[in-house]
Amino acid sequence: MSNQLGTIAILGSGETSPNLVAVHRKLLQEIPKPVKAYMLDSPFGFQENAEQLVEKIQDFYDLSLNIKIKLASYRNIEELNTKSFFKTISLLEKADFIFAGPGSPSYASKLWVNNEIEETLFNHIKKGANALFASAAATTLGENTLPVYEIYKVGIDPYWEEGLDLLGLYGLSCTVVPHFNNREGGNHDTSFSYVGKNRMSKLMEINYSNLLGIDEHTALIISGKENTFEVYGLGQVTVINEDKTLEFKSGETYDLTTLQNHLSKSHKDKSSEINQEAKQNKSDETLRKIANLEIQIEENESNNKIFRELVTQLIDLRLKLRSEKNYEMSDMIRDILESSNIQIEDSTDKIEWKIKD
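Mapping of the sequence shown onto our numbering: residues 1 to 357, in sequence order.
In short, the hints are calculated from the structure, not lab data. A portion of the hints provided could be inaccurate.
[Unchecked claim] Restricting the straight-line Cα-Cα distance to at most 25 Å, the calculated cross-link-like pairs of lysine-lysine (BS3-like) are: (1) 56 with 70; (2) 244 with 197; (3) 126 with 265; (4) 70 with 289; (5) 68 with 127; (6) 202 with 244; (7) 36 with 225; (8) 265 with 197.
[As the list claims (entries may be wrong)] If you anchor each label on the Cβ, the simulated ranges turn out as follows: (9) 340 with 253: 50 to 58 Å; (10) 78 with 253: 38 to 46 Å; (11) 258 with 62: 32 to 40 Å; (12) 156 with 48: 20 to 28 Å; (13) 56 with 186: 23 to 31 Å; (14) 296 with 149: 36 to 44 Å; (15) 185 with 18: 22 to 30 Å.
C-beta atoms are modelled at their ideal positions from N, C-alpha and C, and glycine is treated no differently.
Use the sequences and the hints to build the structure in full.
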């Protein structure tokens, strides 16, 4: 495991827009090829169009970045500690790039916080791998998660959900607020990720947290290797602490200590607090092994297809040689196949084969 933290990009919005393609590319280019890229679909897992969103994001990576990003799916809390859950954990453990994006912040935090997903994301950054979190997923990265839908759409009194505190690894104590400069409300305030300044002030009174605001179509890129942070895109990054408000402009690169000094507060490494009970459960271990076996089978499927096609072509050639009474060449192909542990069964009009036991 690397002693250096990986690079994390936090996007305020516009994860698949042309404005921020360069941010994806920057993180991917830091990784030796072939890149093992995975998308975690939890934030939008509740949506009826979840499959279409997966396809849209995969098409974006394929067409804009020439990268095949695979799906690591975990959409419902009922999947926790099932075979499909452990399969997703195994896929994320082997990833050197993880993407998570739009949806509901509170839905994502309920699926991720205080289980093995959280631990896996921490370990991913700790081993020096890269990640890009946008919109809803970005909201989960700090000490608290802002429940945007519940406050803005439903009208529930302002409150915090628990956050991953993944940014604590970088020495940052804060809550992440994407869509920081949103103006969609027109005649009412929708800044601070739609909840507005007044409701955010109430939240700060209930339970204070430093704020890390990311404007729309803007990215904050934190490099654990270089110990720097960079602002990229159409807007800026705003830091609010108990003493002051600071703005960091796009196109500039800064020393990470600058951000750490303005977002400082005592915090603990949550990765040491994660409940390990699931790992000790024997039935869970069995499901984990089955999930890993399923991954191996899927990874070998393409190779198996090539193998079957090769054997079929050799057998077709042998059948042609037999019809031409070229038995010497026909027998030579048979010997090659049998030496590869393939059993040939001849009949008058066809040739069948199987792998020897």
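Consistency of the hints with the structure:
no. : hint                     : result
1   : 56 with 70               : 12 Å, holds
2   : 244 with 197             : 16 Å, holds
3   : 126 with 265             : 21 Å, holds
4   : 70 with 289              : 21 Å, holds
5   : 68 with 127              : 22 Å, holds
6   : 202 with 244             : 18 Å, holds
7   : 36 with 225              : 19 Å, holds
8   : 265 with 197             : 23 Å, holds
9   : 340 with 253: 50 to 58 Å : 56 Å, holds
10  : 78 with 253: 38 to 46 Å  : 44 Å, holds
11  : 258 with 62: 32 to 40 Å  : 37 Å, holds
12  : 156 with 48: 20 to 28 Å  : 23 Å, holds
13  : 56 with 186: 23 to 31 Å  : 28 Å, holds
14  : 296 with 149: 36 to 44 Å : 39 Å, holds
15  : 185 with 18: 22 to 30 Å  : 26 Å, holds
Every hint from the earlier list agrees with this structure, and none is contradicted.
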